[in-house]
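Read top to bottom, the protein sequences are chains X and Y. Read the first sequence against our numbering and you will find it ends at 596, with the numbers running on by one and no gaps. Read the second sequence against our numbering and you will find it ends at 596, with the numbers running on by one and no gaps.
Check before you lean on any hint, since a few could be wrong.
Repeated chains share a single entry, so a pair holds when one copy, or any two copies, can fit it.
Unchecked claim - Here are the computed lysine to aspartate or glutamate pairs in the EDC-like style, where the Cα-Cα straight-line distance is at most 20 Å:
| hint | residue 1 | residue 2 |
| --- | --- | --- |
| 1 | K330 | D593 |
| 2 | K146 | D237 |
| 3 | K139 | E374 |
| 4 | K318 | E594 |
| 5 | K224 | D270 |
| 6 | K62 | E594 |
| 7 | K62 | D423 |
| 8 | K282 | D378 |
| 9 | K139 | E491 |
Please keep in mind that the hints were generated in silico from the structure rather than gathered at the bench.
2 protein chains.
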Amino acid sequence: MQTYTPPLRDMAFVLTELHDFSQLTALEAFSEVDADLAATVLEEGGKFTSEVLLPLNATGDKEGCTIENGVVRTPRGFKEAYRQFCEGGWSAVSAPPEFGGQGLPETIGLMISEMICATNLSFGLYPGLTGGATVALRKYGSDELKSFYLPKMISGEWSGSMCLTEAHCGTDLGLLRTRAVPQEDGSYRVSGSKIFISAGEHDLSDNIVHLVLARLPDAPPGIKGISLFLVPKFLPDENGAPGERNGVLCTGIEHKMGIKASATCQLAFDDAKGWLIGAPHKGMQAMFAMMNTERLGVGIQGLGIAETAYQSAVAYAKERLQGRSLAGAKHPELPADPIIVHPDVRRMLMTMRVNAEGCRALGAWVAMQLDISEHAADERQRRDAEDFVALMTPVVKAMFTDLGFESANLAVQTYGGHGYIVDHGVEQYVRDARIAMIYEGTNGVQALDLVGRKLPAHMGRNLRGFFHPIAAFIAENKENPMLGEMITGLERALGALQLSTAQIAERGMRDPEEAGAAATDYLRLMGLVGLAYLWAKAVVIAVPKSFAPGPDQAFYAAKISSARFFYERVLPESAALYLKIKSGKASMMALPDEAF
Amino acid sequence: MQTYTPPLRDMAFVLTELHDFSQLTALEAFSEVDADLAATVLEEGGKFTSEVLLPLNATGDKEGCTIENGVVRTPRGFKEAYRQFCEGGWSAVSAPPEFGGQGLPETIGLMISEMICATNLSFGLYPGLTGGATVALRKYGSDELKSFYLPKMISGEWSGSMCLTEAHCGTDLGLLRTRAVPQEDGSYRVSGSKIFISAGEHDLSDNIVHLVLARLPDAPPGIKGISLFLVPKFLPDENGAPGERNGVLCTGIEHKMGIKASATCQLAFDDAKGWLIGAPHKGMQAMFAMMNTERLGVGIQGLGIAETAYQSAVAYAKERLQGRSLAGAKHPELPADPIIVHPDVRRMLMTMRVNAEGCRALGAWVAMQLDISEHAADERQRRDAEDFVALMTPVVKAMFTDLGFESANLAVQTYGGHGYIVDHGVEQYVRDARIAMIYEGTNGVQALDLVGRKLPAHMGRNLRGFFHPIAAFIAENKENPMLGEMITGLERALGALQLSTAQIAERGMRDPEEAGAAATDYLRLMGLVGLAYLWAKAVVIAVPKSFAPGPDQAFYAAKISSARFFYERVLPESAALYLKIKSGKASMMALPDEAF
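Make the full structure from the sequences, and use the hints.
Set out below in structure tokens:
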């Protein structure tokens with residue numbers, strides 16, 4: 001069954017032991033934040049998500065969204081849950097106080113997101129899209145638009161959507177055809193068709209604020225001729241209440257593999273009134289602002305599913321009686337042993353466990369740098385943090401969603417035949433998790449972003465923030481007996497990554513297809529090195545604490561065991577990745593098109 | 001879209017070039033078979049499956065099966081397709097002539113199965129279950145039962161089912177509770193509840209012959225007290241026509257992730273009349289006879305999905321325009337290049353391609369040995385072949401289904417967002433393929449079967465038939481310039497497998513959990529070595545032929561490119577597997593149950 005207990009202890013470990021939470025509380029923006037406040041917010045978030053959102057996850061999947069005459073209805077209970085969500089302030093956790101937000105660090109906000117995605121990914125998309133839209137609006141909107149729209153969006157009263165994709169263009173937005181014509185009053189009339197618009201139409205909020213990519217009449221062709229517009233579903237009246245219906249209509253919703261309670265809409269814009277966000281033809285810039293936040297958020301979706309899949313599998317593995325331990329019956333009083341005794345079941349559970357804990361640790365590292373990049377007083381510190389976030393965003397997006405999907409599948413496998421039956425709820429995780437590898441840029445596009453854009457940017461400067469702390473950690477801990485062979489494993493993996501980086505830089509300069517051929521494996525290798533570093537760091541923290549008797553002793557002991565499992569059973573993949581990268585593009589590109 | 005062209009050229013290559021088809025035609029049972037006949041049967045099979053079964057695949061998924069008052073209806077078109085299937089003789093391809101079968105080699109039968117699974121996995125389960133049931137009946141049934149039931153089952157007039165699982169026991173059949181009470185007339189009365197019974201009830205055939213595991217009153221507890229019974233849905237009258245309804249009722253069908261057009265039934269047996277198959281308490285023996293055939297068949301399901309997923313992805317990749325080649329526009333006349341130009345898309349397509357071609361080659365190797373094990377005149381030859389099949393069955397079942405699922409997911413990924421939409425038909429492959437990793441023994445159970453039963457059997461004799469030809473090939477081709485570095489790769493992978501085998505033998509003797517901890521990775525390593533051997537063999541065959549101008553030149557050139565891709569981009573995984581196996585059970589088993 002779908003089961004979820006908020007992983008509060010591990011979140012606290014990640015925030016205040018593994019990473020340096022005081023880096024955040026030292027920032028002026030978070031001067032009123034401390035670890036206790038963070039713990040309280042997370043505890044309350046855990047309650048809300050497990051008590052309100054989790055019970056709607058399977059029913060929402062079963063019922064799905066419906067459309068009738070352009071009106072989209074979410075499944076039973078979603079509207080009430082959304083009301084509670086907004087009332088509880090969950091839409092505003094990390095939003096800026098000047099627009100009604102609670103001003104907490106994004107690091108906390110993303111942990112709340114993890115819980116939302118773990119308990120109800122479909123539900124999470126509605127506020128998730130609003131969040132992305134507010135980021136773009138905050139960064140590029142005029143003061144007027146901001147003061148008018150942001151407070152309502154941050155309170156959740158109004159929601160948001162991001163209208164990029166058209167039937168013939170997803171990854172390649174340069175092909176898009178939606179048009180915007182300037183009006184005398186300074187507004188625009190937007191016309192065109194969009195598809196795959198998550199939260200594009202629904203019954204949760206009083207109004208929907210669409211951010212729409214379109215071309216101005218004088219736009220240059222391709223990606224450099226795209227502008228961003230704000231197009232509300234209802235045009236607000238003078239008092240800011242939703243007034244006249246705007247020319248945007250939902251013409252259909254998609255029938256999808258999963259996230260069935262999330263409305264994926266086809267939208268027709270027909271002379272819809274809108275306002276420009278940012279400069280003309282500079283829409284992609286604003287789009288990327290919100291896409292980066294969204295990409296981190298999608299990575300966190302993978303983490304959320306990984307956690308809940310793990311918990312659901314553990315519950316079943318402890319309860320399902322089947323066969324006997326290979327080491328002799330563990331529960332002779334029972335007709336059979338619970339399947340958790342079997343090594344291969346352990347293999348699956350431990351893999352899921354390290355997927356979730358590892359991604360949580362890495363996600364928080366990136367989230368903290370995101371907060372620093374936005375709030376540090378020192379410009380250089382802001383820039384370094386920004387470099388790091390830029391580098392790691394594709395890694396978080398792609399690796400976390402891959403691992404989330406892996407974990408969902410391992411949960412099904414742990415359940416055996418029962419996992420394939422809809423009633424048990426775990427196959428839903430597979431179907432839901434699958435989309436995260438695709439949207440906001442497929443994982444292949446993330447990999448290309450990493451090797452094609454993020455590595456070469458600023459002459460490779462981005463990489464420093466990643467390589468440096470790891471190399472320093474290795475130097476410091478070379479002889480640390482707590483780590484044993486782990487430090488060699490970390491050093492070897494980092495070495496493989498550095499060699500691969502050099503290869504991509506060198507060959508990719510001559511031939512961009514060489515970089516493209518290495519991209520996916522390189523991204524994973526980098527992610528594994530990041531995870532390996534954090535697991536080693538966790539061991540150094542956990543070992544001394546594991547000797548102290550007390551309620552946390554088992555927690556630290558488990559952390560050490562999990563780290564060892566990661567090093568012995570996951571990190572070896574870096575050896576294969578290195579060899580694959582090294583082989584270059586030749587065998588990948590050899591077959592002529594017609595031979596396929 | 002779901003797309004399928006029967007891979008006849010590759011099938012012919014595998015049958016008559018890669019493997020030695022004359023090994024089969026030299027057997028008396030197949031003295032009338034030749035390559036031309038095989039090609040004709042496969043061509044006709046390809047027509048039937050792509051013209052009749054493929055069009056029902058997506059509609060069957062959408063409609064699913066329904067149940068009303070114990071009556072199960074298959075989706076529209078299935079009944080008519082099944083009639084054509086039987087009329088065309090497709091139910092009888094490899095069945096023995098003495099019961100009306102066509103007596104073709106199982107090697108051909110499994111290639112037909114591949115096509116059926118590629119075009120309509122749900123449909124394939126109905127005759128697939130009949131096939132398994134006839135195997136058990138042929139091997140262990142009385143002459144009376146055989147002459148009465150087999151002809152009707154082989155013609156497809158009556159279908160079969162295998163009733164093993166109960167709600168509380170799947171893998172651990174020792175726990176099963178269904179009872180059989182002997183009657184004075186030599187028959188039995190069977191009572192109990194079964195779940196997850198594929199093809200347990202439906203409207204395709206006039207009668208259903210259930211093979212049911214149950215306990216006799218004097219049965220010893222556990223696995224050694226299980227007997228096998230034949231329980232028909234309708235009790236045949238003297239003329240062999242379906243007569244009185246027997247005491248078996250379908251009480252429900254499962255709502256599943258996929259294979260929705262395959263009825264997965266809950267069956268209630270209530271004093272149902274049945275007949276013993278084989279000796280009392282020896283039901284598991286008969287069960288395994290059919291399970292081994294079924295397990296190979298399930299492996300082939302993975303292969304079928306891998307092939308059709310590949311083809312569907314290729315079609316889309318050639319047609320979808322998005323972005324430009326990293327090497328400069330390939331089709332400047334178009335608004336964008338087709339996505340097949342992108343290295344990362346190639347990576348996915350090539351992986352799918354080598355998954356399908358590699359599994360086809362390996363599957364045929366095992367299938368040929370299966371035919372030899374049943375039909376060779378020489379006992380020693382039969383025994384050696386049987387050893388080989390026993391060893392490779394879990395590898396085929398588990399690795400092929402894992403790779404089939406991987407390919408299905410890569411197809412979705414190639415489609416991007418469109419792959420997630422039901423209408424495009426590729427997400428169905430993911431949902432359908434997922435079950436094959438679970439049923440007929442989860443892939444974890446296969447791995448345990450391999451290391452726990454198949455490796456140690458006969459003092460490791462089984463392994464010889466696998467290691468010997470590979471070692472001989474390496475010795476012969478050490479300096480073969482056609483293979484270049486491939487031969488080193490093969491040698492290294494075989495070395496890793498041999499070291500891993502020795503480790504499992506040594507550590508596993510002391511501690512069976514050590515074997516259990518290595519099992520899944522070992523199975524994959526063995527599978528990869530098998531694939532690597534066959535790819536190298538394919539290269540040695542293809543290189544000289546690739547110089548000869550003609551219609552097949554491109555085929556051989558593609559074979560060589562694909563082999564190289566396998567060696568450079570897939571086989572490196574063996575390095576990681578070896579390291580994982582080497583690490584042993586410690587980190588896998590360290591966490592106490594309560595820490596999960």
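A quick look at each hint next to the structure:
1. K330 - D593: Classified as between: cross-chain Cα gap 11 Å, same-chain 57 Å, threshold 20 Å.
2. K146 - D237: Answer is within: at 16 Å inside a copy they meet the 20 Å cutoff, but 82 Å across does not.
3. K139 - E374: This pair counts as within: shortest intra-copy Cα distance 11 Å, inter-copy 73 Å.
4. K318 - E594: Between copies only: 9 Å across, 52 Å inside.
5. K224 - D270: neither (24 Å within a copy, 73 Å between copies)
6. K62 - E594: neither (43 Å within a copy, 33 Å between copies)
7. K62 - D423: Close inside one copy (10 Å) and across copies (18 Å); limit 20 Å.
8. K282 - D378: neither (28 Å within a copy, 78 Å between copies)
9. K139 - E491: Answer is neither; intra-copy 40 Å and inter-copy 58 Å both fail.
The structure shown violates the earlier hints numbered 5, 6, 8 and 9.
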